[in-house]
Amino acid sequence: MPKEESEEYLEAMLDLSRDGEPVKTTELARRLGVAPPSVTEAVQRLSREGMVAYRPYRGVTLSEKGRAAARRLKRKHRLLEVFLTRVLRMNRQSAHDEACRLEHALSDEAGDALCRSLRGPRSCPDGDAIPPCRLYVDSCATCIHEGVSTGKRTENEAQPLTSLPENATAKVVFVHGGKGVVKRLCEMGLTPGTPVRLLRAAPMKGPIEVRVRGCDLALGRGIADKIFVEPGDAHT
Amino acid sequence: MSHCEQGGTPCAGDHDLVVALVGNANTGKSALFNQLTGLEQTIGNWPGKTVERAEGTLLHHGKRIRLVDLPGTYSLLSRSEEELVTREYLLSGQADVIVNVVDATALERNLFLTVQLLGIGIPVVVGLNLVDAALRKGISVDERRLEQLLGAPVIRMVAVRGTGVHELVDAALSVKGKPRLRTPASMRYGPEIEKRIDKLASLLSEARLKVPPRWAAIKLLEGDTRLEKELARLDRRIPDAVKILSEECASIHKEPCSTVVASERYSLVGRIAGEVQQVIPRRGRRTADRLDAITLHPVWGYALMLLVMLSILTVISLTGAWVAQAIERAFESAKPPQLEGFWPLLLWNGGAVGLYASLGVALGFLLPFYLILSVLENSGYLPRIAFLMDRPCHAVGLHGKASVPLITAFGCNVPACVGCRIIETKRDRLIATFLSTLIPCSARTAVILGIVGTYMGPVWAVSLYLIDFFIIIALGRTLNRFMKGASVGIIMEIPPFRTPVPNLVLRQAWARLRPFLATAVPLIIAGSLAIELLRQGHALDELMTAMSPLTVWWLGLPAFTGVLFILGILRKEAAVVLLAGVAGTVNIPSVMSPVQMFVFCLVMMLYIPCIATITALGRETGWRNAAAITLAEIGLAVLVGGIAFRLLAPLL
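If you read the protein sequences in the order shown, they are chains Z and G. The opening position of the first sequence corresponds to residue 1 in my numbering, with each subsequent residue numbered one higher. The opening position of the second sequence corresponds to residue 1001 in my numbering, with each subsequent residue numbered one higher.
No lab work stands behind these hints, which were simulated from the structure alone. Hints may be right or wrong, so weigh each one.
Stated by the list, open to error - What the simulated footprint calls covered on chain Z by chain G, stretch by stretch (three residues with Cβ under 8 Å from a Cβ of chain G suffice, anywhere in the stretch; the number is not a length):
#1 53-65
#2 194-205
#3 208-214
As the list claims (entries may be wrong) - When the alpha-carbon atoms are kept at most 25 Å apart in a straight line, the in silico PhoX-like pairs for lysine-lysine are as follows:
#4 1484/G - 179/Z
#5 171/Z - 1254/G
#6 1243/G - 179/Z
#7 1426/G - 179/Z
#8 179/Z - 1254/G
#9 1229/G - 179/Z
#10 171/Z - 1137/G
The beta-carbon is built from N, C-alpha and C at its ideal position, and this holds for glycine as well.
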């Protein structure tokens, strides 16, 4: 199976999977516009590569490795969309189509460089959060102004705090943001490794409320988008 | 430690002990302060800053103790104004003892600050507050063990009821002059950090600092740039050493050094909290959680908030108008029957009218507002409003905390300007203050309804409001775009609901009202004297002629409106009353066309904040900003008024 095709499968699965529930092969077929038998065949191949877990009649679930790969693609896709609309002034639809094609050719390194030159955009033109890079940097501000000193990548597979469902618990992995915001969050108790529980989110992409170290905190959406967590069953 | 060495700053003088109250926000510091001090208390502004600190004196077993209530803070880094005020005060050496008020229901977060206070070189007493609320939450704290681990006395208390507060003062007296000299083992960070703290501290100890080197070293590793700049002047090697050591830390832990220090501190605090507190988890949902499910609900939360806000506005508008009229009637009934000659007229029309107008604002609008604000603040509802309104506030480029002052501005702009203090950054605070002065207060509503509403109908009155809102949104967005910096989102604690304590509410309201009575009232009287002087010298007529190019040519209004615009600086609602007097008839439509009424009200609504608001603006944002805002609003009103006249004249 060509690389592009398998990558399209992974991305579609990331979009379709809700709360870790298996994705039906029929859903995948509809989403990708292919016949169900070829989906089954593709999924079995991905399963052999360790990207997904496939159970006939139940559906497909992304493995950690598959989810990471899918998220990297999403990141490049959304960064490209920002670049194409903001810098090249293309309309959103053609930017989306173009990004769908280019994302497969873009390396992680070029993606991070693109992110830096766009001054670390937070979300794509449709308002969806851009998954974080895995570079080891102090903050986005440092990365933009001083570049990255070490090319080392962390092994975190984190997702934004705002992507959690209500009442879910997770552990803070890191915060991408200006130095001031990071410090303020730290002193309010949101240090790496801290368990948090998302209590509620205000409508229309308003702020969220989290419980951390026994206190309830309201966080603006822009800030919460930059807090990355690892979902888990930690108790708060 | 001598605390009178710093020149210029007020010193303890005849006090036996100076105590600084420090703690997180919402821990009951103010409640403790109010329990301890009598009525003799001063709320003072720090020079150049708008953050308040309150001071009061307490007599305890024959000792005079000065209490300084510092703003609530979560850390001692020099970033927000609250932190700066607290830190500068502590480092100034004026305080003999720190009383750290700690919320027993959120021990970890509170001890995060305690640990920073313990190393600063001033003896610390910990007041473990809200132990009753903690018990209800299923948390019991072993304060003797906490005392051992912190190496500082810990006193259990319930500040609102006065339980334990006197023991706290006894403890403060007993630790005076006995700062902790060594760091207990329980307060040590991880070995990698400790090694670097020690290295930096030994370099710092050569530099002869006023603060303990270890404390300074930790702050520097936390990325305290302000302290770094100060210390660089003492020893130029310091910035390089800080840079190298923090990079070492960062590369070991793969996190920025400031995060590493904070994480380490939280983990040591977590260990302490884990050792001293016993938590019995409650089954099922607690009442507090259920209450929040309603007050923060995406539908019911907003409905409730709307109801609360509308009732506040109604109450303030009704009581305000009623009290202001009652005061006016009382004064007018005492008016001497014959007022003639220069001095009697000046004193009455300038002095007495100015006095009762400002008293009307103070007692009618401000006092009820401050009372309600204190109730909302003490109950914990305010942060919930900010949470709900965060998203809508983005329309004007502000965040949730600005919503409260912006809504209160509909009642009166003066408390709105003061209310903007709850916004952290200077920039956002300035924008919010500016915008709040453009919101039609109840006086402007009186003008709009009294003229346009009465003679042109409600549709035109509503359209005036819509124009105003449009201008506010456009201005908010423009300011946000062109002012330096960006609006930071909210990071705000949502404290549990608590029953407000009447005594505390009254005293907070009084503390807020007092500066208005002391500074704004004299200014308003001076302003009305000045205008009366102009009137007596028949300078008003000349002003009217001088203003006629503006009023008659550009705005298309009758020349007599010039006087009203000047009088409107004092009291906007007076413009309706005075209109009849200046125009020489009660029949307004006979002297003004509909277009003129509309333009008149539009300009009246926008052109200038009233003198009480200008005074508040000056106090809150500085006189330069107040002048700039006032001039900008005059310009805006003239511009918009002229355009409206030219657009509407052919239509109506």
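Evaluation of the provided hints:
1. 53-65: Violated - the stretch 53-65 of chain Z has 0 residues with a Cβ nearer than 8 Å to chain G, which falls short of three.
2. 194-205: Coverage by chain G holds for the stretch 194-205 of chain Z (7 residues, Cβ < 8 Å).
3. 208-214: holds (count 3)
4. 1484/G - 179/Z: holds (17 Å)
5. 171/Z - 1254/G: Given that 25 Å is the threshold and the Cα spacing comes to 17 Å, the pair holds.
6. 1243/G - 179/Z: OK: residue 1243/G and residue 179/Z at ~15 Å, within 25 Å.
7. 1426/G - 179/Z: Status holds; Cα separation ~18 Å.
8. 179/Z - 1254/G: Holds - the C-alpha atoms of residue 1254/G and residue 179/Z are around 15 Å apart, at most 25 Å.
9. 1229/G - 179/Z: holds (17 Å)
10. 171/Z - 1137/G: It holds: about 24 Å lies between the C-alpha atoms, which stays within 25 Å.
Hint compliance for this structure: hint 1 alone is broken.
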